[in-house]
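Mind docking chain B on chain A? Use the hints.
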Amino acid sequence: MSTHKLGVLFSALALCLLPAVCGAQSPNLGRALTPEEIQKADITVWPDGRGLPSGSGSVSAGAAVYAKNCEVCHGAKGAGKPQDQLTGGLGTLASPKPVKTAASYWPASTTLFDYVRRAMPIVSPQSLTNDEVYAVTAYILSIDGIVPQDAVMDAKSLPRVKMPNKDGFISWWPKPPR
Amino acid sequence: MGARVRNSEKETAAKSGEKTAAEKGLLGRRALLQKALLSAGVAAAGASFAHADDDVGTNAPDWMKTPGRTFTPYGVPSKWQEKVQRTIANPPGRPGTGVSRTPLQRLEGTITPAGLHFERHHNGVPDIDPARHELLIHGMVKRPLAFSLDVLLRYPMETHIRFVECSGNSGGYNQAQPPQATSGEINGLLSGSEWTGVRLATLLNEAGVAPGAKWVIAEGADAAAMSRSIPLVKCMDDAVIALFQNGEAIRPEQGYPMRLLLPGFEGNMNVKWIRRLNVTDSVVDARDETSHYTELMPGGKARQFMFPMGAKSLILKPSFGMNLQGPGWYEVSGLAWSGAGRIAKVEVSKDAGKTWELAALTAPVLPKALTRFRLPWDWKGQPATLMSRATDETGDVQPTRAAWVAQFAVGQGYHFNGVQAWGIEADGTVKNVYA
Numbered sequence: 017m018s019t020h021k022l023g024v025l026f027s028a029l030a031l032c033l034l035p036a037v038c039g040a041q042s043p044n045l046g047r048a049l050t051p052e053e054i055q056k057a058d059i060t061v062w063p064d065g066r067g068l069p070s071g072s073g074s075v076s077a078g079a080a081v082y083a084k085n086c087e088v089c090h091g092a093k094g095a096g097k098p099q100d101q102l103t104g105g106l107g108t109l110a111s112p113k114p115v116k117t118a119a120s121y122w123p124a125s126t127t128l129f130d131y132v133r134r135a136m137p138i139v140s141p142q143s144l145t146n147d148e149v150y151a152v153t154a155y156i157l158s159i160d161g162i163v164p165q166d167a168v169m170d171a172k173s174l175p176r177v178k179m180p181n182k183d184g185f186i187s188w189w190p191k192p193p194r
Numbered sequence: 023m024g025a026r027v028r029n030s031e032k033e034t035a036a037k038s039g040e041k042t043a044a045e046k047g048l049l050g051r052r053a054l055l056q057k058a059l060l061s062a063g064v065a066a067a068g069a070s071f072a073h074a075d076d077d078v079g080t081n082a083p084d085w086m087k088t089p090g091r092t093f094t095p096y097g098v099p100s101k102w103q104e105k106v107q108r109t110i111a112n113p114p115g116r117p118g119t120g121v122s123r124t125p126l127q128r129l130e131g132t133i134t135p136a137g138l139h140f141e142r143h144h145n146g147v148p149d150i151d152p153a154r155h156e157l158l159i160h161g162m163v164k165r166p167l168a169f170s171l172d173v174l175l176r177y178p179m180e181t182h183i184r185f186v187e188c189s190g191n192s193g194g195y196n197q198a199q200p201p202q203a204t205s206g207e208i209n210g211l212l213s214g215s216e217w218t219g220v221r222l223a224t225l226l227n228e229a230g231v232a233p234g235a236k237w238v239i240a241e242g243a244d245a246a247a248m249s250r251s252i253p254l255v256k257c258m259d260d261a262v263i264a265l266f267q268n269g270e271a272i273r274p275e276q277g278y279p280m281r282l283l284l285p286g287f288e289g290n291m292n293v294k295w296i297r298r299l300n301v302t303d304s305v306v307d308a309r310d311e312t313s314h315y316t317e318l319m320p321g322g323k324a325r326q327f328m329f330p331m332g333a334k335s336l337i338l339k340p341s342f343g344m345n346l347q348g349p350g351w352y353e354v355s356g357l358a359w360s361g362a363g364r365i366a367k368v369e370v371s372k373d374a375g376k377t378w379e380l381a382a383l384t385a386p387v388l389p390k391a392l393t394r395f396r397l398p399w400d401w402k403g404q405p406a407t408l409m410s411r412a413t414d415e416t417g418d419v420q421p422t423r424a425a426w427v428a429q430f431a432v433g434q435g436y437h438f439n440g441v442q443a444w445g446i447e448a449d450g451t452v453k454n455v456y457a
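Protein chains in written order, with my numbering: chain A, 17 to 194; chain B, 23 to 457.
Treat the hints with caution; some may be incorrect.
Stated by the list, open to error - Using C-beta positions, here's what the derived DEER-type ranges look like:
1) A:165 with B:223: 48 to 58 Å
2) A:164 with B:179: 53 to 63 Å
3) A:87 with B:112: 27 to 37 Å
I should point out that these hints are in silico values taken from the structure, not numbers from a laboratory.
Every residue gets a Cβ at the ideal spot worked out from N, C-alpha and C, and that includes glycine.
So here's chain A without its partners, still in its complex pose (with noise of 0.2 Å):
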């Protein structure tokens, strides 16, 4: 056998040792996806701000989605009931009688924008358009003045609101912290 076969066995050996390249090894009947593919499906937001899609909206017009969309299940101005309460509850984490709300308790403002994209309004989830979930998510940010009322929600402006609780986390994982 001469060194350049040796070398072609060699390689193929090697590239066998891939899982995925070698199909004794691993039934590789996964179907490839495509950017398109996967841009279409990938919903997720991270409190960095990657995963914002285009679009924006201001308080006033989160106001109006608000009432015709949330209002029924969480109150005027998100204040619960008969599901859960939204807003209020600031600085009331240390007392004996803690109030968690989106406002209160949640680390990220793009949390709130995630979650509402993807699972609100019970009824019609994902039946908003990014601009609708923009604004209701400035509408209800502003209701304790986390933003301003003139405020205007985009994939700019969204990751930069501090949350009230931004520091309030402590991850338990890997290990609880000493």
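Positioned in the frame of chain A, the structure of chain B alone reads:
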């Protein structure tokens, strides 16, 4: 959710008392058969063959003297077991969200029937057409891939017996007064199953995880698109894309056609109807890892990413609603489990924790699975306080309820694994007590 405990056993019993049309049909047919046999008997008597006391038919129960019902394509439990039902609890006006709890005290062994596995849904049970569902793996991978159910069914399968426990299970123990409810109503966000599926590491290796990746964002295909940040090390360890539960395709309530199974980790992370795994370098702070499933402490800070479920045990026999029927022999029995591995031992106290005895563990004792413990008890009729305390193979021991509660803010009920106690009164009544 765990804090909401409702005694709805009566409602459940009333509902299940209504017979289905199919049952009525079978009963009607049975009555006709009986009638036919009876007239045959009369005819025989006319021919002077009266039954004597020692004739075979005189002493047999009815069901030995008439043909039983016909076959069924899919069996259901005995009608005498109709009270063995999940207990459903929903927020007002939201029948698709909330929980249903496993009636643990009415079951034996360690495997929960699929139809009694606890449920936690965030916006109903989706009806997913498997032909239109794929699991996407993308993000920090070399080759983004999609896997259909048909394709996954060709992969090497693994089978494991594991528990799944909601992080909010037993949350009622954070109340000032002990909840007077059955163990299932308090602790029934816990079930054990044999799960079969494809090792997630196989799929991630095919996609080729890029250096620097640390987390995987898992997302379900339900109407809440439930999502959670999962440590990549867990996904590469014993995580499974489960397709079968107790030998049959996973039920819709459990994630049909596929769910993420993260052995030992809190239930919410075992994302049902799994549709997307986004490999990444940081957590996403999803709603269900910030607003929910975080643990507020007295100073106002909250623990986040408390993933494994702690060592825990429950006494189910006897327990609330199962009063003792006078002095004599009983078996004390219950379940123990740990998200960290195998149960090493379960101790039982009959005197409110003054003395402890080792209970027998029923084999096999499997990691991250429910383990049945048993201890004989000759009850003399005196008041007693029964407690159980589990220790797992890592040395993790169940804390007392008081020690557990002291770590958290008022009303915090996630990850409760404190020791539970049943008070036995002289008349055999069983009550939930804090001891």
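Checked hints:
1. One distance hint, 48 to 58 Å for the beta-carbon pair residue 165 of chain A and residue 223 of chain B, holds here, with the actual separation near 51 Å.
2. The supplied range of 53 to 63 Å is met by residue 164 of chain A and residue 179 of chain B, whose beta-carbon atoms lie about 57 Å from each other.
3. At about 21 Å, the beta-carbon gap between residue 87 of chain A and residue 112 of chain B misses the expected band of 27 to 37 Å.
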